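Number of protein chains: 4
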Amino acid sequence: MIKAAVVGATGYAGAELVRILAGHPGVDLTMITSRQYAGERLDAVYPALAGQVNLVCEAYDPAKLGAAADVIFMALPHKLPMAFVPDLLAQGVKIVDLSADFRFQDIAAYESAYQPHSAGELLKESVYGLCEVYAEQIKAARLIGNPGCYPTSVLLPLVPLLKAGWLDPATLIADSKSGVSGAGRPLSLATHFCEVHESFKAYKVAQHRHNPEMNEVLSDAVRAAVHITFVPHLVPMSRGMQTTVYANLKREASPDDIRTCLETFYNDRPFIRLRPDGQPPDSAHVRGSNFCDIGFRLDTAAKRLILLSAIDNLVKGAAGQAVQNMNLMFGLDETAGLLPVPYPI
Amino acid sequence: MIKAAVVGATGYAGAELVRILAGHPGVDLTMITSRQYAGERLDAVYPALAGQVNLVCEAYDPAKLGAAADVIFMALPHKLPMAFVPDLLAQGVKIVDLSADFRFQDIAAYESAYQPHSAGELLKESVYGLCEVYAEQIKAARLIGNPGCYPTSVLLPLVPLLKAGWLDPATLIADSKSGVSGAGRPLSLATHFCEVHESFKAYKVAQHRHNPEMNEVLSDAVRAAVHITFVPHLVPMSRGMQTTVYANLKREASPDDIRTCLETFYNDRPFIRLRPDGQPPDSAHVRGSNFCDIGFRLDTAAKRLILLSAIDNLVKGAAGQAVQNMNLMFGLDETAGLLPVPYPI
Amino acid sequence: MIKAAVVGATGYAGAELVRILAGHPGVDLTMITSRQYAGERLDAVYPALAGQVNLVCEAYDPAKLGAAADVIFMALPHKLPMAFVPDLLAQGVKIVDLSADFRFQDIAAYESAYQPHSAGELLKESVYGLCEVYAEQIKAARLIGNPGCYPTSVLLPLVPLLKAGWLDPATLIADSKSGVSGAGRPLSLATHFCEVHESFKAYKVAQHRHNPEMNEVLSDAVRAAVHITFVPHLVPMSRGMQTTVYANLKREASPDDIRTCLETFYNDRPFIRLRPDGQPPDSAHVRGSNFCDIGFRLDTAAKRLILLSAIDNLVKGAAGQAVQNMNLMFGLDETAGLLPVPYPI
Amino acid sequence: MIKAAVVGATGYAGAELVRILAGHPGVDLTMITSRQYAGERLDAVYPALAGQVNLVCEAYDPAKLGAAADVIFMALPHKLPMAFVPDLLAQGVKIVDLSADFRFQDIAAYESAYQPHSAGELLKESVYGLCEVYAEQIKAARLIGNPGCYPTSVLLPLVPLLKAGWLDPATLIADSKSGVSGAGRPLSLATHFCEVHESFKAYKVAQHRHNPEMNEVLSDAVRAAVHITFVPHLVPMSRGMQTTVYANLKREASPDDIRTCLETFYNDRPFIRLRPDGQPPDSAHVRGSNFCDIGFRLDTAAKRLILLSAIDNLVKGAAGQAVQNMNLMFGLDETAGLLPVPYPI
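Residue numbers (our numbering), protein chains in the order written: chain A, 35 to 379; chain B, 35 to 379; chain C, 35 to 379; chain D, 35 to 379.
Please keep in mind that the hints were generated in silico from the structure rather than gathered at the bench. Take the hints with a grain of salt, since some may be wrong.
Since the list gives no way to pick out one identical chain from another, each pair is judged satisfied if it fits inside one copy or across any two copies.
To be verified - In silico SDA-like cross-links for lysine to any residue, where the CA-CA straight-line distance does not exceed 20 angstroms:
no.: 1; residue 1: K238; residue 2: G312
no.: 2; residue 1: K238; residue 2: R293
no.: 3; residue 1: K197; residue 2: E368
no.: 4; residue 1: K37; residue 2: E170
no.: 5; residue 1: K37; residue 2: S253
no.: 6; residue 1: K238; residue 2: P289
no.: 7; residue 1: K284; residue 2: H151
no.: 8; residue 1: K238; residue 2: D311
no.: 9; residue 1: K197; residue 2: A97
no.: 10; residue 1: K238; residue 2: Q125
Note that this is a predicted model, so its numbers are computed, not measured.
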């Protein structure tokens, strides 16, 4: 059994990690931490877990974590992980960090979007944990920068087609829509019930911090600098994310060409599901699961491809992909712990 | 492995049965039927199941069902099961029927609420599948009338206290609130999105068919005729049910008396969770799980007890309890297949 | 034109007052205050109002308010109004206070539920602004304690039947359900989107501060001490409140008796709508309006009456009733400014 | 007073027309029709209207309509209006048709998206009722094709900038998101509560019938054939629509250039509100109102303009704009009946 710990277990992503790890057949969840709730049982914070998770939140203690765990999931706001990770790595544990701190190869890109990086030397070895694209590197890594939810939903449909040369990289647009849990548990007027319910709006238009993260991976895919126009929107629902990507075709393509390209790239990957023609992905279909559903349609009049994806922002967009990364790093079946049958509705 | 079949697999309760049975370690789900979708894959109807459930819906065929299954779950509207069950039983299978057809001992009570019963002789042997109350009878049964969602949420908090003589049976009132999935998948204006969203209302006030079902079990608990006042309400959410029960105390009681009574009755039962004082049950805490959360408070000025319960209407209120019944009937661990960790939010 | 001011205009009830007063044909809205947003335009806080409300929030200034207004609406948390009101009254203005500070006749009842009262001498003259019950006193008042939302929804269906002697006052139970806007705009985990959505729960069971407020008015109705059991619940919607009241009949009653009693009491009152038999009130039907819809059903087997009501908690439960009080105090048509046609859905 | 009738008053758009017309100071609503509810009071179908709208639905009767009304609003599914309108016009009434039947100038475009047109000769005189673009033609018209909700939300932000030559017409993309009321009152699984709630998805990707409608108006704006890529999505809310438009700049532009262009075009128009920089429009801000809120942002790295709009799909996207058209046709103030102050939340 792999011993695992979750740092920051009382945030939404942290609690979702506990849900998944508590049901993982190859994992022994040995320690969880929470600054705010140290000393309290996790099921006092999340009563849904009562009767199944008996853990008590502890204060952050790197030595204790190092002793308790083979792998540590960091579910903290960015800036904290870069301070904590070097010490933890030094104790020989592997780390999956859910913040942005270790997602970038280019420290300048990180620093322009976030803040000065205090552990920049680790960016050389950290691996971007987009499992379906970087599986080989992930298997060899000891430090994973787990992808953001928006980048996951944008990159999975886009990377295969970009790599195969079907799309003009200068024309990329991603219009994403996220459930409210993406903003986490911290209180703000933006997530106050009455301000969100019966409301739909864009936010951080072409200014979201996930934009440079996408740019870096897209650029890697085509070996040239790519900028994608990215607009996130807030949906009055708790979980789920849907992204619609627009791109001009570089050369004529049929629906079969597109489908073949995606099927070939994702041939053996268990969490990618291509939707039938004319049935766009629905965030409800992936709720609670680690699947990414992908669909597409050609707008032939405009010589433009429309790609559609749906994920659960807390699962494939956060905790689920983090566990998938762990599975790859430790040589487990990639799906271990990630296949309880999702709710049909 | 127990071979199981689901008749009526494309309704909401049927699909939920498939979800649970597909993840059940002791079950081989061999056959599913659907009148409307015969010949189609279930995951075409419920795309959430794609990649995990590969079954094709078949037409109803009793001989084939009898050959394919040790246990058959009937998830059909009432009236159909009474026509089908005798033949199926004759083939030696066990049956858990989710309709009202086999919930009543008193055929007159059934017929006054529903319609003439064509298999009334089976009511003598059928067992009311409220697992925490009738476990012993369930273990010996071959035909279970799986309880209604409302009765489950009303009876579980109430039966122990009634049996122990704390409550005046003439004063029982249950005010229940259900998510919209309780109305199932058939189309109606009452479940049309815009008619439900941002709406809260009572319906079938003191006229709901689950009322005589509750009366029969409550009467059995006190060995005297009991009538409970029951008002159901519709909540603008998909899953979940919360019930608030009011009853006058027959004699003075302290909070400890009430808690002790409930704890004693449910001592070893894995799906009942008593909430801490001052923390009423929340439907969100039981979403997707087979738990019934129970809380209470004494209104001492009125010498009245307030009991509160929360269940997922599709799980403990339908498919989950049905599987729990199967577990009991076949000598499996009562929790088998019913403990994937629920979503924290 | 009556000059009106709103103190606390940026809370939900305050903003709703502005909405109604800005469209009121007999009112000139001259001043609004907000501690948090002083100096900012109200439509920067509530962009829905842009293009129709051009007011800038000011700091609280009693002299300026006294000069600017004939009537002042206080939409502040309790405790503040008792400090402010004496000075304002001294300047000759009339006041409708939406907090609890002037709702009670019995200072001890107030102080047991809230805190010591610093302006208790005003309780003798302040009038409880339940317009359909205390209209005559309201017309003569200079200080109104505007009723709480829950008491409004509980008292309107109950008072006529209690006064007419149909109901046993020892058996009163109110099970209320409120939209989230009832908790106002202050941030809390209890109103965080993901904690509320797809959730239904009771809170402050038999402990809510509106309980003594109801008790006082109910006691006044029957000239004897009455205690009602009251349980509030939170509905995952923004606006709206539905209450189900249970009471034992003192003597046999027919549906016609009940309907006649309610119709007689509310004969000429424009905001009470009796629902047809078998069609319970729905919070969606009163959204945005000052109506209180009332329905009922006899549970004859239990000799019990079930009363049902629906209001918009921000309108009839707060701002609308406050304006209705002003209309009565100033001799305007009771409906002035309160009858824009509500949304059909 | 203008005498008005609504044909199809029990659909969502029809009921919304009744709401607005019943509160319109210059209108006498004389007749409403409904095939399904002929003979029933409208407030039996929409109880929200009780106490304020006393009309009874009548069967469709052209002679009676012609005698009863100066203006007839047709709120029927397309195909019916083309059969009814010629007779009605012949009686001298003016008509605002909310279906697609009279929105097109090009009969071939209509017929490719809908069906053969039986009153094609009227397309020459019918005017596309996008009030802020075609006001002069509307004033002189007797037959208006009231715009679709999606086209309204797409065209209002886009037309001024296209006309002014800032945008490359070959690069237009509109990503729209609509509340569920856009699908109307007919029952379908797509609008069944549990299928929509906690769900977000695209539908009719690049295949929606509003696409050719947009193309025609956009082509008119630039005097050349334009095709816009259009993807609609369904939001789990009742009312509201938000659209995000992407377009490449033809020449360098500053934020001031864009703002000036929009302000100039909409200078004197009461229902267009430009949002402050960095504050995208929110569907909640326009709920129940006839406003169209518009925002924008330049993605300078991509030389691309992002336009954002929000409308209430039932008001500016249907019934409100229809009344605005009537106001223009009859020389009333353009805002008459359309300015009740909207809900702040």
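Consistency of the hints with the structure:
{"no.": "1", "hint": "K238 with G312", "verdict": "between (31 angstroms within a copy, 7 angstroms between copies)"}
{"no.": "2", "hint": "K238 with R293", "verdict": "between (32 angstroms within a copy, 18 angstroms between copies)"}
{"no.": "3", "hint": "K197 with E368", "verdict": "neither (24 angstroms within a copy, 51 angstroms between copies)"}
{"no.": "4", "hint": "K37 with E170", "verdict": "neither (23 angstroms within a copy, 40 angstroms between copies)"}
{"no.": "5", "hint": "K37 with S253", "verdict": "neither (36 angstroms within a copy, 52 angstroms between copies)"}
{"no.": "6", "hint": "K238 with P289", "verdict": "between (33 angstroms within a copy, 16 angstroms between copies)"}
{"no.": "7", "hint": "K284 with H151", "verdict": "neither (38 angstroms within a copy, 39 angstroms between copies)"}
{"no.": "8", "hint": "K238 with D311", "verdict": "between (32 angstroms within a copy, 11 angstroms between copies)"}
{"no.": "9", "hint": "K197 with A97", "verdict": "neither (43 angstroms within a copy, 54 angstroms between copies)"}
{"no.": "10", "hint": "K238 with Q125", "verdict": "neither (39 angstroms within a copy, 48 angstroms between copies)"}
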